[in-house]
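Undergrad: Spelled out from the first residue to the last, the chains are:
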Amino acid sequence: MDVFLSGIEILARWDVGLALLVGSVGGVLIGAIPGVGPAVAIAILLPATFSMDPIVGLTVLLGIYGSSMYGGSIPAILINTPGTAVNALTTYDGFPMTNRGEARRALALAYSSSFFGGVFSVVCLILFAPVLAKVAPMFGSREIFLAALLGIILVVTAHHKQTLIAAAMACFGIWLNTIGLEPVKYTKRYTFDQSWLSGGVNLIVVVLGLFALSQAFILLYSKDKKVHLSKLHGSFFQGFRELARHPRVAGVSATFGVLMGMIPGVGEFTAQFMSYTYAQKTSRRPQDFGHGSSEGLIAAETSNNAVPAAAMVPLLALGIPGEALTAMMLSVFYVHNVIPGPGLFQNRMDFVVALYIALLLLNVLVVIFLLVATNQLIKVVHIPDRFLGMCVLVLSFVGVYSLRNSVTDCALAAAFGVLGFVLKRLSLPIVPIILGMVLGGIMEVKLRAGMARVKTPFDFIDRPIAMILFLMIVFVLLLHVVRVWRDYKQQKA
Amino acid sequence: MSEEIEKKQVVRTAGQIVFAVGFVLIALVLVAVLPDQTAWKNRTKLFAQPRFWPAVSVIGMLVFGGLHLWHQTRQSRKRLVDRNDLYEAGVWLASFEYAGWFLAYVWGVPIIGYLPATLIFAPLLSWRLGYRGRKMLWVSVIFGALVVVMFKGFLHVKIPGGLIYEYLPDALRSFFILNF
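Protein chains in written order, with our numbering: chain A, 1 to 493; chain B, 494 to 673.
Because the hints were derived from the structure by calculation, they are not lab data.
Here the structure is a predicted model, which is why all the values come from computation and not from measurement.
Just so you know, not all the hints are guaranteed correct.
[What the hints assert, rightly or not] Cβ-to-Cβ under 7 angstroms is the rule here; a few derived chain A residues that face chain B:
id, residue
1, L164
2, F172
3, C410
4, V418
5, K424
6, L447
7, R448
[What the hints assert, rightly or not] With the C-beta cut set under 10 angstroms, the calculated list includes, among others, these residues of chain A facing chain B:
id, residue
8, P47
9, F50
10, Q162
11, F397
12, N405
13, V407
14, F458
15, I461
16, R463
For every residue, glycine included, the Cβ atom is placed at its ideal position computed from N, Cα and C.
Next up, chain A with everything else stripped away, as it sits in the complex:
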């Protein structure tokens, strides 16, 4: 209880309140604009948050992360275009409902499901925090190395039918992280005698290039589309009543969201697929799925909104980000010398609880905002794509240039922007590059530290958690081999 009160005390400041408001409203707006997405917004805002207190900066970024999916459901339901990538599944049942003249019902259901998913996961994690605080210190160098390795393997294998290129991209990310001075012996690595490479390649420059600039180029190169929207009449409150009629689907989907969110590299898509498949298999009307099923919509929206809070677990407890957005947030911690990991749970539990309470408040703020402002909000989908591209380019400049006022950084970000443009055109994975960069650095340091006390390879996994993680790695790899073999057999048949 004391920790909970301390958490509230950390949040009881005007600037945190403002951050909550900006993060929640900003996130919904960004989510509602197809083609921008939380990754672009977080990448742009990241350097601006460095001058803020850690709790203020993280609240803004968490707000954008947590609320963008609420906003992303609006264009998914109304114009069959997901606002963020994770809202793709929402189009399956949301848009057919709009076609049937039930747009308001679909939106109400999406908001209430998202709210339930978000609140469920935060409550779970607040209750789960004392357990995490006990488990986290059991993670030494070997365990963190194995968890990071598991994270990379999961990210790679999650790219079904693109595993090879995802693995190559993860290796590319690890290589990018090795550029510059090596941290122990201070020898140069891949600097090609260029002084500007001695300091290494900055993660934020790469993130801004691959996410923000590349998206600007994509938008600038696209053609503007005409969007027709009709005004929505009536209240959005009925969504909560309808959600209450499907407690099983909502509960199971939120649980999938929490579990999948906690595993590094898995995230929203897997949680959604599992929830949707479960909802369809156990439904009395499975034939409605994909044609405007309310259960399908609940499964998709509840599970994806349960992920953000859960995704903070590996980041806060082990210092291991599970996906690109939490990887970006990691840099905010480092800038303020707040090192996520077992120590954070032992020494700054109030800070961790404050973050979770902030997420809880964000969900409340977002749903209130959406219930009253949806009719005005939907107008943002009218912004032309190419004009939006110009806006993203102008905003990206702030992100890159304000880091170190370096023209070299900007040129490097532009180069990564072109690379990201190519990867997005080819639908090739980008996230493994970022996770390779972040987890590669962690793996290098932890493997070196872990191997110092190891005599035989078996010693590396002689502790219970290390052994569990090792078995999980073997299991994931075996599962992937079986899946590839099945695909191969199917293709041959």
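Chain A is fixed; fit chain B onto it per the hints.
TA: Only chain B this time, still in chain A's reference frame:
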């Protein structure tokens, strides 16, 4: 249903082989220069060698990139590189134009200042994109001004004042350097 969703996610377009070949070539170069660009220290364990992680990463790039290329060539029933691939490569090159716009903006800010550079860049790029109407050009100007005021004026992000501000009267100079 989940299979259907997966199919929608994996979109194959022209240019895959061109990219795969380029990736493997870069990986080959990185492997070739590995001994030159990294050090090997005597009496140091393998895992603590400065060369260890660069070697793991570039060899991984080469192996997985090579397998990806092999997979692409096996999947493709057409000629290795055809007209569609070349068209796609042309589109990639077209993105350099916008990278150039971005770098021109970057180059302009320290000279003419953040606010003037943004007020010129935003409507000029909008004009290039085909928005010739007064309304959109004004919207671009207002957007540019709002971005500068929000980030430099309110959030005080680190963007230095332009050289041109030195020619302003004393009273205005510091105000402009601090806020615009």
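Undergrad: All the hints need checking, so say for each whether the structure fits it.
TA: Going through the hints against the structure:
A distance limit of 7 angstroms between C-beta atoms decides the matter here; for L164 of chain A the minimum to chain B is near 4 angstroms, and the interface restraint holds. Contact between F172 of chain A and chain B, as hinted, is supported at the beta carbon level, the nearest pair being about 6 angstroms apart and thus within 7 angstroms. The interface hint given for C410 of chain A is met, as the beta carbon of that residue sits about 4 angstroms from the closest beta carbon of chain B, less than 7 angstroms. At about 5 angstroms, the closest approach between the beta carbon of V418 of chain A and any beta carbon in chain B falls short of 7 angstroms, and the interface hint on this residue holds.
At a threshold of 7 angstroms, the smallest CB-CB gap from K424 of chain A to chain B is about 10 angstroms, leaving the interface hint violated. Hint on L447 of chain A holds. Least Cβ distance to chain B is approximately 5 angstroms, under the 7 angstroms limit. The beta carbon of R448 of chain A comes within 5 angstroms of a beta carbon in chain B, closer than 7 angstroms, and the hint placing it at the interface holds. Restraint check, P47 of chain A versus chain B: the minimum CB separation of about 7 angstroms is within 10 angstroms; hint holds.
For F50 of chain A, the suggested interface contact is upheld, since its CB lies about 9 angstroms from the closest CB of chain B, less than 10 angstroms. The interface hint given for Q162 of chain A is met, as the beta carbon of that residue sits about 6 angstroms from the closest beta carbon of chain B, less than 10 angstroms. Taken as an interface hint, F397 of chain A checks out: its beta carbon lies about 6 angstroms from the nearest beta carbon of chain B, inside 10 angstroms. Evaluation of the N405 of chain A hint against chain B yields a held restraint, the C-beta minimum of about 6 angstroms falling below 10 angstroms.
The closest approach between the C-beta of V407 of chain A and any C-beta of chain B is roughly 6 angstroms, which is under the 10 angstroms cut-off, so the hint is satisfied. A cut of 10 angstroms between beta carbons decides the hint on F458 of chain A: the least distance to chain B is about 16 angstroms, and the hint is violated. Residue-level restraint check for I461 of chain A is violated (minimum Cβ-Cβ distance to chain B is 15 angstroms; threshold 10 angstroms). The criterion of a C-beta within 10 angstroms of any C-beta in chain B is not met by R463 of chain A, whose closest approach is roughly 18 angstroms, and the hint is violated.
Of the numbered hints given earlier, the model fails hints 5, 14, 15 and 16; all others are met.
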